[in-house]
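**Q** What follows is each chain in one-letter form.
Number of protein chains: 4
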Amino acid sequence: MKGLFYPRTPTGKASIVPPVPWHYSGELLTFEYRADVRAVAALLPSGFGLADEEPGAVAAIWAEWQSCSDSFEEILDPVRGQYKEMFLVVRCKFQGRPYSRCVFIWVDKEFALLRGQHQGYPKKLGSIQMSRPVLVGKGGPKLEPGGRFGATLAAFDRRLAQASFTVRSACDRPGFVNALPMAHNRWMPAIETDGSDSLDEVVTMSGYGLERGRCFTGDFELEYFDSPVEELMSLAPREKIAAYWHEVGVSWRAGRTLSRRNLPEL
Amino acid sequence: MKGLFYPRTPTGKASIVPPVPWHYSGELLTFEYRADVRAVAALLPSGFGLADEEPGAVAAIWAEWQSCSDSFEEILDPVRGQYKEMFLVVRCKFQGRPYSRCVFIWVDKEFALLRGQHQGYPKKLGSIQMSRPVLVGKGGPKLEPGGRFGATLAAFDRRLAQASFTVRSACDRPGFVNALPMAHNRWMPAIETDGSDSLDEVVTMSGYGLERGRCFTGDFELEYFDSPVEELMSLAPREKIAAYWHEVGVSWRAGRTLSRRNLPEL
Amino acid sequence: MKGLFYPRTPTGKASIVPPVPWHYSGELLTFEYRADVRAVAALLPSGFGLADEEPGAVAAIWAEWQSCSDSFEEILDPVRGQYKEMFLVVRCKFQGRPYSRCVFIWVDKEFALLRGQHQGYPKKLGSIQMSRPVLVGKGGPKLEPGGRFGATLAAFDRRLAQASFTVRSACDRPGFVNALPMAHNRWMPAIETDGSDSLDEVVTMSGYGLERGRCFTGDFELEYFDSPVEELMSLAPREKIAAYWHEVGVSWRAGRTLSRRNLPEL
Amino acid sequence: MKGLFYPRTPTGKASIVPPVPWHYSGELLTFEYRADVRAVAALLPSGFGLADEEPGAVAAIWAEWQSCSDSFEEILDPVRGQYKEMFLVVRCKFQGRPYSRCVFIWVDKEFALLRGQHQGYPKKLGSIQMSRPVLVGKGGPKLEPGGRFGATLAAFDRRLAQASFTVRSACDRPGFVNALPMAHNRWMPAIETDGSDSLDEVVTMSGYGLERGRCFTGDFELEYFDSPVEELMSLAPREKIAAYWHEVGVSWRAGRTLSRRNLPEL
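Residue numbers (the numbering used here), protein chains in the order written: chain E, 1139 to 1404; chain R, 1139 to 1404; chain B, 1139 to 1404; chain S, 1139 to 1404.
Keep in mind that the hints were calculated from the coordinates and are not lab data. Take the hints with a grain of salt, since some may be wrong.
Each pair may be met inside one copy or between any two copies, as identical chains are not told apart.
Below, in silico cross-link-like pairs of lysine to aspartate or glutamate (DMTMM-like), each with a Cα-Cα straight-line distance of 20 Å or less [said to hold, decoys possible]:
| # | residue 1 | residue 2 |
| --- | --- | --- |
| 1 | 1140 | 1338 |
| 2 | 1151 | 1332 |
| 3 | 1151 | 1208 |
| 4 | 1140 | 1332 |
Chain E on its own, in the form it takes in the complex (with noise of 0.2 Å):
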């Protein structure tokens, strides 16, 4: 049986994600700052830790992506490889060493809501909006000082945050917070629902082939709303660091297990 993930087939050719690797051109709005350092930790599972430094800082990013698999039949499809994500990123240390952490994300389509889970992103389904630079026409943002670009995040019918960013200047890195490798947690509930779980992992990754485009930073707004589904309140932002818009293109082929507890096996 063939396919990365399910379903699996005699062909492979309807699993719901494509073999790796996979590529990545996106475009990115990245806003940092200070959150209550104890609500970073309270989003910390068993075995992490607080970062030595910044622990408390948040990396709130919008990303318009456009993602293929080696054959880049994809590109040509393009409802089949294009998407949008708004994620949180913390930071913080396991086995003693510095790693950054998405402790939440939306996207919206299926199969980076479930490659996703394979790299242990905790993904949810949303409506994720931001503003695309333009060259031409003044219906949209330039890169230039004084280009404004708005973001949005809305789920099940509730606008759950938005941010603004004015261009201020170009600038050659887009931050520290989501620039470590990721360490994730994959879990999956015991079909027997008893509080034990299946998979129970620590994995940490990166991608290669790292190629940076343009990248401005400028200043910024940043507001979240509440929902009787979301716990975005409590990382609200408490003391501004820096934005960026950015591009970026990546590949991904795998990671690494940093730890696995089993239950029996049957």
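On the provided structure of chain E, position chains R, B and S as indicated by the hints.
**A** Same frame as chain E, now just chains R, B and S:
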């Protein structure tokens, strides 16, 4: 950390799936037919065999669900509880016992997709459409002889299936293909993406508190359409068995693991 | 060239709206209350006045429809016939007679949006959600005392309204606010966009073949939320009147023009 | 009462379309070809004739727009300004002058649909997908020789069109079919639905402030698929002319009425 599924947090409020039990009320259109038995066999993974009786039987099922947790709050915020699904079920044998098994399935909400993954349903997102019975007016079909229902499935902007059902008479039971306990694989590829699986289980489950409502049988048409990322065509109908419109109420709390293979602990 | 609405073609096959008559079967939640009568008056255009009785009464209505043309083919391709809507109705007086009038309305399909424009309903697109009654299971409300329904409205990724309804008892009639013939304006600004209207009519209409199904009254909660592009807040409930869950079947063929003002012919 | 379009209110805040002017910035894929000239003629209403030159030429255009009003606030809330469209343009003659004319068009937002109706574009809703050029990474096409773009259209859960474009070289102009002022009919059937039109105009319009950005020509494939509610097949490509990826910035304020026929005033 609380939360059946990710993201796990101190309160569990943001978990993509509420705690079990889950309650379901739905209307279903079930189309039972015989397909090429070799195509059914080809979709059964290692350890599974064809059913002794009716090994080539398939049920194509459209369902419109309302679902909720024990808090019942999803009923008051129906965007969090209503969803539709279309799925194909075959029969099979595992460890000497007969089971039903879902080989392909599409839903239109994220919580249904992830809940299904917990249960081993290979859920994708799609657009699922089906007529609803009406008591007054001419805008929809009536549950009386001659009433005609339509049902369609699409994903990635391609129509994948369409069916029609014409009521003939009331009946007792909505078919046999999906009537056994389910046997599903739960797989999660290792983050090393080296062909090994961190999670490799066969699980079985049934609902509880089953209530059957109205049930009608009738004539039907069913056809599938091809897609670069689906494999429905091999399961196309060769011989019709029967079709049903029916109502179901059921709850779900847990399943049972039939087999589990582990990778080494770290 | 054939086709009620655009695009008009030699066959009319591609018309965004099929030929009349149109048939509807639906389930509705109607919430009747009194708002600030000055807010109702402010939404009545020139030539219209407040109703003599209950001039501040508003009906907020959620409806889930199936609709079709006289070919009934939409019933077999339900994506072309099913839609939901939420609308606010007030009462008013025109040319000395009392009418009902829709002041705000959202639907979730394009054919409903354009059909409504033909009829003078000021339709926008939105996400409309409402519970459906169930006969079996615990996944939805039952049409019996204590059964609880929810209903929500969102547009542009913001929640605009939410309501709940608790069944008290069966009843005969689902309220009075939306019970009169409708009086609507049909406006199309001149392409010169100079403040003049190429189309400036007041029309009235009623359905035919009305069938009422089950009808229940009960208690309710209803609240609106603000948006930069909506004006619901001024019509917020001040005093509740009554709420209903009810079924309707109705057909529509034509209306009648009550007034028409033209720009010069060219 | 304020508001260009409905609903008209004392403030105009809730109008489905903001006041003119409207500003647009977009990326377009234009596919020009010759179709059966009789099929083009069949789509021209009374008073229109075939163009003297290239009467069978068609442009199939995919566009991804950002748009805003003079307040520019839609740029900061991009769900209210971003949309995609796919449309087919032919050339024609009216009152002795040559015009471009949109015969079929799909958009994915309501404000674009209604704005288009004001302008005589026969807009429906659809799912429009197109590759975006990238500067870094392998997830999308680059604007350099060999870069490959895909574009698709679907409506009512059926794929209607798909195309691919391969960059050959930079060029000056993105074709000729859509280069003339537009001539469109604006029709609104009388509410009596008796075959007469309350609004019956031919209008022309052009944008202002046109800025052209990058422009590339290349090779292409384009195919249409049938649907029970579309008429694309008669306009299928018979002979390719040329294809382009290009950027446009443009604003729009008003058009001019070329002919108007009225029903009697009441």
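**Q** Decide, hint by hint, whether the structure agrees.
**A** Right, here's what the structure says about each hint:
For the identical chains of this complex, residue 1140 and residue 1338 are inter-copy neighbours only, at 14 Å across copies versus 24 Å inside a copy, given an alpha-carbon limit of 20 Å. In the homo-oligomer, the alpha carbons of residue 1151 and residue 1332 lie at most 20 Å apart only across protomers (19 Å), although the nearest pairing inside one protomer, at 35 Å, exceeds that limit. In this homomeric assembly, residue 1151 and residue 1208 come within 20 Å of each other (Cα to Cα) only inside a single copy, at 14 Å, whereas the closest approach across copies is 38 Å. Taking identical chains as interchangeable, the C-alpha atoms of residue 1140 and residue 1332 lie at most 20 Å apart only when they sit on different chains, with a minimum of 13 Å there against 31 Å within one chain.
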